[in-house]
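J.: Each chain, letter by letter, is given below.
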Amino acid sequence: MKNRLRVLRADREWSQAELAERLRVSRQTVNAIETGRYDPSLPLAFAVAQVFGKLIEEVFEPDGASPK
Amino acid sequence: MAHAEFGICGPGVRHRKESGLDLIFMAIGVAIFMLAFALFTRVSRAGDSSLSLPIALAALTGLALAGWETFRLWRREDDAALMQAGTLGFISLIGIYAKAPKGSALAIVAALAPLVPAALFAWSAVRLARHADELQRRIAQEALALGFVVALFAALAGMALEAAGLPRLDWAWMAAILVVGCGLGFLLANRRYR
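The listed protein sequences derive, respectively, from chains X and A. At position 60 of the first sequence the residue is numbered 60 (our numbering), and the sequence of numbers has no breaks. At position 33 of the second sequence the residue is numbered 1033 (our numbering), and the sequence of numbers has no breaks.
Pulled out of the complex, with its shape left as it was, chain A reads as follows (with noise of 0.2 Å):
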């Protein structure tokens, strides 16, 4: 039975070596995406016709890239990955709805967009789990305790800071500041049991 050894953040988010080189190009695809998304909204606004088809093929290269780099990881089953890649496509996602112009389709579609890779990285973590032996399960179970209070402190200061009259945070940024909570509970848990 193959166990996942303990990687950077965690249980198994070390991930095998062979998905090194995906991950590597998942990430060039998110970014193709992402900056031809920002081209692709500010030529809209323009009203410059002509280059929104070669910008939008573009960022669905980018997309289609991250999307087969993803199913490459899928196929190997190689969670660590699919959690990494989660995460990184989650963050990228995740502000992309306030380009897009407000109550346009493609800004709820950028909107939804971040829940696919929050839905892998859930998905993915769930499967390491039910591998996971009881040290393993114990560092999770102290990253995601870790992750509730960094969240928990992060959400009471903002309610602070914008009762003091700082600008409002945008309350999407909550779930990425769990996931960098829980990373960094995964590193300090990990360390002490290594």
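The shape of chain X in the complex, shown without the other chains (with noise of 0.2 Å):
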């Protein structure tokens, strides 16, 4: 699953451990799921994309799905 946390965050000026306090998460999981070695649960997914204001399919794309 690809996802555009690195580009949200940046846009944000958060550092990783900024958005894992956010999140409640540890900042392993942040990284974790920036760099695609982990796909967030759908809660967490939610979670991600509401710190953000975004809907969960502007944060979130399958890996096969076409370019908007």
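The calculated lysine to any residue pairs, modelled on SDA-like cross-linking and capped at a C-alpha distance of 20 Å, are: (1) A/K1099 x A/V1116; (2) A/K1017 x A/R1072; (3) A/K1102 x A/S1044; (4) X/K54 x X/L42; (5) A/K1099 x A/T1041; (6) A/K1017 x X/R27; (7) X/K2 x A/R1192; (8) X/K2 x A/E1134; (9) X/K2 x A/Y1193; (10) A/K1017 x X/A17; (11) A/K1102 x A/A1113; (12) X/K2 x A/R1194.
Ranges of calculated distance between the beta carbons of each label pair, as one might list FRET restraints: (13) A/A1031 x X/E13: 45 to 55 Å; (14) X/R12 x A/A1111: 50 to 60 Å; (15) X/E13 x A/D1170: 54 to 64 Å; (16) X/R12 x A/T1061: 53 to 63 Å; (17) A/E1018 x X/R22: 19 to 29 Å.
Partner residues are not named here, just some residues of chain A that face chain X (Cβ under 8 Å, in silico): (18) D1133; (19) E1134; (20) L1135; (21) Q1136; (22) R1192; (23) Y1193.
In short, the hints are calculated from the structure, not lab data. A virtual CB, placed ideally from N, CA and C, is assigned to each residue, including glycine.
Fit chain to chain and form the complex, with the hints in mind.
T.: Below is the structure:
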């Protein structure tokens, strides 16, 4: 699953630690999601989208998705 | 909400900086106890009662030092350090009953002694798991799975070697193998998600 976490985080000038604090997860979890090593659960994916004020599909997209 | 970061052995197993010295002193306390306990049993067998008391006091001092440092870790709520202390205590104490005279009260106490650090390990592991996030839980799950497989293979290998005529293995070591297997699992799973 691809995601725009790094871009969205950079737009807001948040560090990984800051985002982790907002999501109430470890910094390693944020890093693993950003680098695509870990796909978050649905509740966490919704929490990520909510933190950025986006819809879940604006943050995450499946690997095979066609570009918008 | 403070989340434990991943350390060398998985979620939260990286202890806090301030706990490092406590762990070192705890290890020194355990070492003093082990040495004094071995000396005490040797002196008891030799029937030299004049040395028994100072050696027993040295053993108790080592135990008190280890206990005090563990209490400091507990007060600091550093579950990662407590898990390490529990592992160290368990591995150190697991074989001491063999040194005590068979059937003696000392042997019974020594045989049950590893359960104390094992309980400490289990309690701090449960507390860590409660505070872990979903990735940390996944890593712990993978580590436990690997630990189980390693322990299973060790048990099968032990049975096969025993059947082949090699000396009987001490089953108490299975728990230590499980812990080491889990540690290895944490290390591998942690690398995957780093």
